[in-house]
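With chain A held as given, fit chain B onto it using these hints.
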Amino acid sequence: MADEPPLPRTRVVLGEAAARRGPADPARTDLTEGTPIGDALVKGLIRAQLALALRLSLVVAAGLGALPLLFAAAPAVGGLKVFGMNLPWLLLGVLAFPFLVLVGAAYVHWAERNEQDFTAVIRRPER
Amino acid sequence: MNPYLVPGLVLVVLITVAIGAYGLRFARTTSDFLVASRSVSPAWNAAAISGEYLSAASFLGVAGLVLRYGVEVLWYPVGFAAGYLALLLFVAAPLRRSGAFTLPDFCEVRLRSTRLRRLATAFVLFIGCLYLLPQLQGAGLTFATVTGGSYVWGALLIGIVVTGNVAFGGMRAITFVQAFQYWLKLTALAVPIVFLIMQWQSDGRPPVTPPAGAVFPAATSVVIERDAELAGIGPVSAGETLHFAAGDPVPRVSTVDAKFGADWLQPGGDSGLFGTYSLILATFLGTMGLPHVLVRFYTNPDGASARRTTLVVLAMVGLFYLLPTLYGVLGRIYTPQLLMTGRTDAVVLLLPEAALGGGHLGRLLGALVTAGALAAFLSTSSGLLTSVAGVIFTDVLRPGRSGSVREFRLATLLAAVVPITMSMFVSDMDVSRVVGLAFAVAASSFCPLLVLGIWWRGLTDAGATAGILVGGGAAVLAVLVTVLGADLPSGLAEFVGQPAAWTVPLAFLVMVAVSLLTSRRVPADVSATMLRLHAPESLRS
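Chains as they are written, first to last, in UniProt numbering: chain A, 1 to 127; chain B, 1 to 541.
Calculated directly from the structure, the hints in this document are not laboratory data. On a predicted model such as this, the values are computed, not experimentally measured, just so you know. Take the hints with a grain of salt, since some may be wrong.
Footprint (simulated), chain A over chain B, 3 or more residues, beta carbon under 8 Å [to be verified]:
hint, stretch
1, 78-92
2, 308-316
3, 321-329
4, 370-376
Cβ coordinates follow ideal geometry from the N, Cα and C atoms, glycine included.
If we strip away everything but chain A, and leave its shape as in the complex, we get (with noise of 0.2 Å):
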């Protein structure tokens, strides 16, 4: 055994690991090494979710950022009451906490939309 010249050395390669390494995904591969189509997808993905997180900060400034100028430039809303108890307090103290998490659960239902539309595209088999 021991004169037995040294086989050459070998990349040893785990078949499963080979196996879902799979053959070339073209949409994938387009992602992966950065060809103009994988970054026009990319692209059109972060785009989507970027103009989803300003639209709902819109919604959120239009909601909560305007009330400090509606009390200014309005005083009588101040003095409104609702249930008992003043406009603002109702407002500030109770309403935007729901609010704040509706539009955040708005925010996680379209954002994951999102990312299953971009996977359906990447992983569409070829026609």
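Frame of chain A; chain B shown alone:
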């Protein structure tokens, strides 16, 4: 003294140490210490993030501010909660996908710049200290107020418990400790408020702002600590004790700044739109730049779960913030003497006994809220210490990949020494104001870095550095001027006291402008980085 108090406080410290020790059994590697091996479920993680976030400023400070200033300061709790919405919309999932562990890591991943990384490290340490200091201070003051003990021992005790817990358990244990402390804090405010509202009903719903001004609900003695002018009574000097019978009007004190009547009840007072919008900007955008908040996002398994975790945090934090406002409002009725002494931060601690009397119920609930306050100090300072220690460990000690647990413990000690020592010497700094300034610094340094870094390919290291230096530096200067108490002309004082409204846009502007000028420095691998930040993990093979 309240007989339930000491057992309650000892119990909280013991449970904290016990959960920390239990977590230690699972914390074996450095990765366990730093990021809980990235295996914490969203529900646990959300409770831990909320527990970590709700600090003394939220638990005590918000109620105290409401008691003092009324509707204007409701923007604090709204902003503290809305900060998580901004974090969710712009940062949560991409940040998790970046695979970075700290803010300096993010700089390296996105912009490949060591110089920027060092600058970010300096800012993390500054914000961490600025935020840790008032926590320890608040702990010391609470101990002094409630137990009559000394301020120094209170601050030192909390400092040692927190340092030990972080050094020996790391983040794995901290996750469990903080999840427990969120529920403790919520319970500690929610249970007493039920009894307080029932008491208010059975007292015949006394009005919060009676037309004739606030009156003492019971016979009260007030010890004068500083010379002042009392409306309707005249000048008083330090050391005098004033006695008031039930039903006597509460005199206004010249040295205490507070609002009364319609000013308290309705917005549009003298604080001005600039101050309000500055506060909104600082709190909405500052949360995402706080180092102890960000570090928790790395413990999520993937980007989608980071998003869901943030949504749960938003709901949990929002639920909590419904409560302090009620304490502030009821404090107006049952503890109006705080408006004379100016110690409005104590309203949550004193209200149960003041409203329900010195019986068993009042004392038991009093001990419960104090235990909640202790939990608030413990959890926030633990989280801060973990993140600051993490940054010292990876960026200052730089042990490389073979970093040992012992070095992490050394980093924890280093991170704890400065704020604990400082807290011994500054006992009269205003707690909630310093916390607000930490938000302003975070909003004008890390918020533009994160938002532009995640959404704009054109950001360069030179642009980021310039933006942080100019915007963050201006905010740091404003903080130092405010904390050191320099005299400023009144027009300038508002700009410096609430700097976010001009430092945040400034930071964004400088960052964009300098990046455009140095556009050839955009990292070559920006496309790959963007793909990694935004593509779902399921596409990675």
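For each hint, the structure was consulted:
no.: 1; hint: 78-92; verdict: holds (count 9)
no.: 2; hint: 308-316; verdict: holds (count 5)
no.: 3; hint: 321-329; verdict: holds (count 3)
no.: 4; hint: 370-376; verdict: violated (count 0)
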